[in-house]
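4 protein chains.
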Amino acid sequence: MNKFRFLTAGESHGKCLSAIIEGVPAGLSIDINFINSELARRQQGYGRGDRMKIEQDTVEITSGVRFGKSLGSPITLVVKNRDFESWQKVMSVAPEDITDERAFSTFRPGHADFAGSVKYNQKDLRNVLERSSARKTAIEVAVGAFAKLLLKELGIEGSSKVTQIGSACCAQNFEGEIDVIRGKGDTVGGKFTVTYTNLPVGLGSYVHWDRGIDGRLAQAVMSIPAIKAVEIGTNPLGYCGSQYHDEIFIEDGKITRHSNNAGGIEGGMTNGQDLVISGVMKPIPTMKTSLKTVDAQTLEETEAHFERSDVCAVEACAVVAEARVAWILADEILLKYGGDCIDELKRNYYQ
Amino acid sequence: MNKFRFLTAGESHGKCLSAIIEGVPAGLSIDINFINSELARRQQGYGRGDRMKIEQDTVEITSGVRFGKSLGSPITLVVKNRDFESWQKVMSVAPEDITDERAFSTFRPGHADFAGSVKYNQKDLRNVLERSSARKTAIEVAVGAFAKLLLKELGIEGSSKVTQIGSACCAQNFEGEIDVIRGKGDTVGGKFTVTYTNLPVGLGSYVHWDRGIDGRLAQAVMSIPAIKAVEIGTNPLGYCGSQYHDEIFIEDGKITRHSNNAGGIEGGMTNGQDLVISGVMKPIPTMKTSLKTVDAQTLEETEAHFERSDVCAVEACAVVAEARVAWILADEILLKYGGDCIDELKRNYYQ
Amino acid sequence: MNKFRFLTAGESHGKCLSAIIEGVPAGLSIDINFINSELARRQQGYGRGDRMKIEQDTVEITSGVRFGKSLGSPITLVVKNRDFESWQKVMSVAPEDITDERAFSTFRPGHADFAGSVKYNQKDLRNVLERSSARKTAIEVAVGAFAKLLLKELGIEGSSKVTQIGSACCAQNFEGEIDVIRGKGDTVGGKFTVTYTNLPVGLGSYVHWDRGIDGRLAQAVMSIPAIKAVEIGTNPLGYCGSQYHDEIFIEDGKITRHSNNAGGIEGGMTNGQDLVISGVMKPIPTMKTSLKTVDAQTLEETEAHFERSDVCAVEACAVVAEARVAWILADEILLKYGGDCIDELKRNYYQ
Amino acid sequence: MNKFRFLTAGESHGKCLSAIIEGVPAGLSIDINFINSELARRQQGYGRGDRMKIEQDTVEITSGVRFGKSLGSPITLVVKNRDFESWQKVMSVAPEDITDERAFSTFRPGHADFAGSVKYNQKDLRNVLERSSARKTAIEVAVGAFAKLLLKELGIEGSSKVTQIGSACCAQNFEGEIDVIRGKGDTVGGKFTVTYTNLPVGLGSYVHWDRGIDGRLAQAVMSIPAIKAVEIGTNPLGYCGSQYHDEIFIEDGKITRHSNNAGGIEGGMTNGQDLVISGVMKPIPTMKTSLKTVDAQTLEETEAHFERSDVCAVEACAVVAEARVAWILADEILLKYGGDCIDELKRNYYQ
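Residue numbers (the working numbering), protein chains in the order written: chain A, 1257 to 1607; chain B, 1257 to 1607; chain C, 1257 to 1607; chain D, 1257 to 1607.
Don't read these hints as lab results, they were simulated from the structure.
Keep in mind the model is a prediction, meaning the values are calculated, not measured.
Any given hint could be a false lead.
A pair holds if it fits inside one copy or across any two, identical chains being indistinguishable in the list.
[As the list claims (entries may be wrong)] In silico lysine-lysine, BS3-like type, Cα no more than 27 Å apart, as pairs:
hint, residue 1, residue 2
1, K1325, K1544
2, K1345, K1325
3, K1548, K1408
4, K1325, K1336
5, K1548, K1336
6, K1379, K1325
7, K1602, K1408
8, K1345, K1548
9, K1379, K1602
10, K1602, K1345
11, K1548, K1417
12, K1336, K1602
13, K1602, K1548
14, K1602, K1440
15, K1510, K1548
16, K1440, K1408
17, K1602, K1544
18, K1417, K1440
19, K1408, K1379
20, K1544, K1408
21, K1379, K1345
22, K1417, K1345
23, K1325, K1408
24, K1325, K1440
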């Protein structure tokens, strides 16, 4: 992250989520409806719990945009938590409001609870779970929407889709699979794929390990909460070299390919084909079926705490991954083409 | 990369590979034999070509170490190319030595050739392949050896193993598989796993996306040449939540687990279990079986250029991944525990 | 900026200024009154205009703090602009609100107007001046207050004072000087000194140019709007070596000095003496006395636009510098001593 | 440092100094004679000691350049120490060579000795002084020469000059001043100015504190060993606003100025005028006249150790500053204009 840089903040039940983005060129048209539609996409998907209905996230911009155009100055985004009123006391900033209400102390396996409580020296695990919650991905999607607005100016478009839920592959019966799992009080993960089209050749590089766009994308996707595996293009297990590599042809004087096992990346660089990156999400760790665990206070064995949760959030996760890939692409575009305003970027890009 | 930072350099057939590491605490014992033994591990593995025999890499340290101890100042590593003499003219720095000898212009599918030539505006593809070659991983392993020396001071140890070659899984007949593939003039990839033991709880964080150690590790492994997939712990596809998550128990007053599907990472942090990360390598793109491609000069269709190559390099790749994981762990350790000299680090660590 | 990192945002007449700080250890007591008192210090000083009375800045924390303690997660700060109501229309985010009201087009010499309009391709110079205004230093002081809270835990204290206004040195008649200048419709700059006491030995380093704390401090002070010169310790012009360097003595078994020309820094590191850094501020470029300039639209010569302004803001500038020095010190402390929570930091620090 | 990034390494009496530069666009013509002439400039100047004669530094390039052109891959520079033979044993990397020869333990006031020995836990102060020595600026000048080659492609040229030595200002009798000081066995500092011409408008920014080019330049100059003060343009002390700010005129349809007190920077950005930055160097701390100090081993008072040294090194320091300013300018140019090869950079730049 060099030119498109940002920080995000916000607890799951805090007043709001926030982000500041520094590095968006001046003159970019900011379509708030588009940003809100991206937030809505994150909230959809079969298998989500009730909180999604409460939320209906919308973004407010409090700096960096004037009359619908970016100024080049840092952009502040705020997504309010709509049910903050009922959490105001429990999540208060003020020292005098201290309370044990909604404190909890049962390490949930698969969550940040245990390691987080050790690292940050916390007894009330709420002090860990509030930030380790996937709620924070809402503001990440908002940041991604800015990156997507930038990419759209250059004709670059992204999309994502779920390709597997539990044991059900591809276009098969995802909803049925989810219903079965819900019936058991369990949760289920799955796999999704993000695709970006119309990319230029040469984003990323082979010259130094940390310049490889494959590595940067893998970081962005693997660090999404609950992601345990990332693939670029076709998983090569079981292929021979003669089967896997995408041969190169000339058609109408242009370099072309008939396959895209590489997922659009060779040598750590985009090669002009579609960028294809997949992620595998583990089952959500909070579920009705109890897991054995330990109480942080008593150090006695107990069963994991249940908070309202989703059965399956792979679709949301795909939207988050799509947003995060946009971050990296926007940054790589800005590094390669420069430009302090959108016209300068486009001029350099289209030459 | 914040405290343990470095740059590497060097072309495949250039005079030498180099690295400068900044951030190693003072007072670390530098065992050159250990570093050389790591370099030797990278050169082993069934399926490698002849170059490995030429190389016999050894490291020279030209700064930052005195009387066997790090000084705290930047450490320079040099790995000479043993066959440089025969490449001296072709790889000359001097403008007057310019020659077409060993120039080549056929884009090899699966390599950086095409995108690299566009990005860096190169007609002689040697100007791309010399740096995009996996040769550069030799110096990366040397850098990793420094990180491993640091980790060893804290009792942290790493290892790696190949778990699949082509269609042959686990402890099965890797060598047979490789022989079959070699007989066909083809190449084959595979899967490997890196494990680090005795890690502290709380390396990495959930508080911001780029602080997650899972993401940083994924970047380090995915950006190794030819890696297309990365997994942390057990791939969760097909598991329900009640099966996947590692339950928590108390034994002798200590938190313990009976499984490690999480691969030692929950919430983007190490949780005290073994760190387990796997990578999938694609088949080496340079092979005797020709692939259809295009000539960079004539833009006519042709067949891919053959350079001396390996049939299978998964074992080497595992060693590189093990080294790269060490980079990230060393940096995370230094960020978490501070310390300008090894005694200060150890004192903070063991408290 | 590695461990204590942040972004700030906000236009001078926008809805609010914001900042997100990532890297504050968990468990730090957050005293809002202290933060507000720092904001108040920035607004004081003889020679300020009327806006200071309107502002009465106070901070709101919307994330990262619960019951008066930092959580380790990113902290969001918001300072509302109290007169936003009257600017709401002119500073609107919405494209449909576009208006020429309060647009202006006269490049003010000494300001960002000219270069900013070229860089960001802006015709309405308000799109430049709103962010290039020194108003943004209010939120920087709030960020600095967090750094100071951290430093206070370790007994490190900072202060600042004005040492020269125009031609009046030291404890002389600053107010008289300012009154004279105001009478002429002119502006005046001056010099200030920031001092931090009780620092540990060894913050910063000589091992690499960008590790030197002198350089980092110089960046932080020189990039304050209107600062043109920075000094560490005593300006050495006119001293011989035998006069300048601070001799070293032993008193009660402890290393001590009788002078501090070095300003507490030798070899790019703190040496245990007081850190002393000075800045020189130029006269504020907006003044009643007109300056010749050019109109951005017509490219005809004209006279510089006058906006409500201060005659002298050196005292405010000193407070900003004090805050910025705190940023750097907090980051260096965290890099050197590690610690994810305040107890761990203190344990490592006091050993 | 974002796009033009590098690390340097090397002890004063070690085998060699090294640097690796990552981020130089491909296709840049590398003139080794120019680099060596920059190294020679650093070694000149009245008042230098004998070591300068021994050194006659020249650079070797071992990666990243082929047939006189940069490849886009990292460039390795090596400057050998010509008198290494006589230091080989004392500076040996090997643990078995350990010796007390040339060890020393007297903290020299004004040097890194005291703080460095505490920070890195060193008893033999040679382990500190070898890296804290200004010798390392030789390789920094070599890195700067690469940056200058890049800037030259865009017509940007730099120079530097000494403006004061001790009490002798400007074109006055520097050599006489130095001779007097030498006669006393003392040392003397001075002031220098670096100027770059033909810069574009808009390098740097006001949008975030760390984007200001004034701050980045101040860091680069202040962190040079022995620098204690930095000024951009004219020191404003004593000027009123109406006198200081550079009025703007139109001549032949072009924005122009008749003064340059701002030193080419307004609002943290280049404004198209000459960039002017000055530094003040303290007297060299190693001198024949003894300073009172303490022995690191015995903690008894003693007098500072004398090593062969210069009387005055301001001219060398100016060359180092000129090189460091080139680093920052090259990085800012690459950030603003992008470009992976020199043709792409130039096309974007000249539009």
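(request) Classify it for me, K1544 with K1408: is the Cα-Cα distance of at most 27 Å met within a copy, between copies, both or neither? (result) neither (42 Å within a copy, 42 Å between copies)
(request) Could you figure out if K1325 and K1544 sit no more than 27 Å apart (CA to CA) within one copy, between two copies, both or neither? (result) This pair counts as neither: shortest intra-copy Cα distance 47 Å, inter-copy 32 Å.
(request) Could you figure out if K1510 and K1548 sit no more than 27 Å apart (CA to CA) within one copy, between two copies, both or neither? (result) Between. Shortest inter-copy distance 15 Å satisfies the 27 Å Cα cut-off; intra-copy 60 Å does not.
(request) Indicate which option fits the pair K1440, K1408 if close means a Cα-Cα distance not exceeding 27 Å: within, between, both or neither. (result) Classified as neither; 43 Å inside a copy, 46 Å across copies.
(request) Can you give me the call for K1417 and K1440, within, between, both or neither, at a CA distance of at most 27 Å? (result) within (26 Å within a copy, 38 Å between copies)
(message) For K1602 and K1544, with the copy left unspecified, which applies at a CA distance of at most 27 Å: within, between, both, or neither?
(response) neither (52 Å within a copy, 41 Å between copies)
(message) Within a copy, between copies, both or neither: which one fits K1548 and K1417 at a CA-CA cutoff of 27 Å?
(response) Answer is neither: 34 Å inside a copy and 32 Å across each miss the 27 Å cutoff.
(request) Indicate which option fits the pair K1379, K1325 if close means a Cα-Cα distance not exceeding 27 Å: within, between, both or neither. (result) between (46 Å within a copy, 13 Å between copies)
(message) Cα distance capped at 27 Å. Does K1602 pair with K1408 within a copy, between copies, both, or neither?
(response) both (11 Å within a copy, 26 Å between copies)
(request) Evaluate K1325 and K1408 at a C-alpha cut-off of 27 Å and name the case that applies: within, between, both or neither. (result) within (15 Å within a copy, 36 Å between copies)
(message) Checking an output row: K1345 and K1548, CA cutoff 27 Å. Within, between, both or neither?
(response) neither (31 Å within a copy, 57 Å between copies)
(request) Check K1379 against K1602 for me: Cα-Cα at most 27 Å, and say if that holds within a copy, between copies, both or neither. (result) Between copies, since 19 Å is at most 27 Å while 52 Å is not.
Hint compliance for this structure: hints 1, 3, 5, 8, 10, 11, 12, 13, 14, 16, 17, 20, 22 and 24 are broken, all remaining hints hold.
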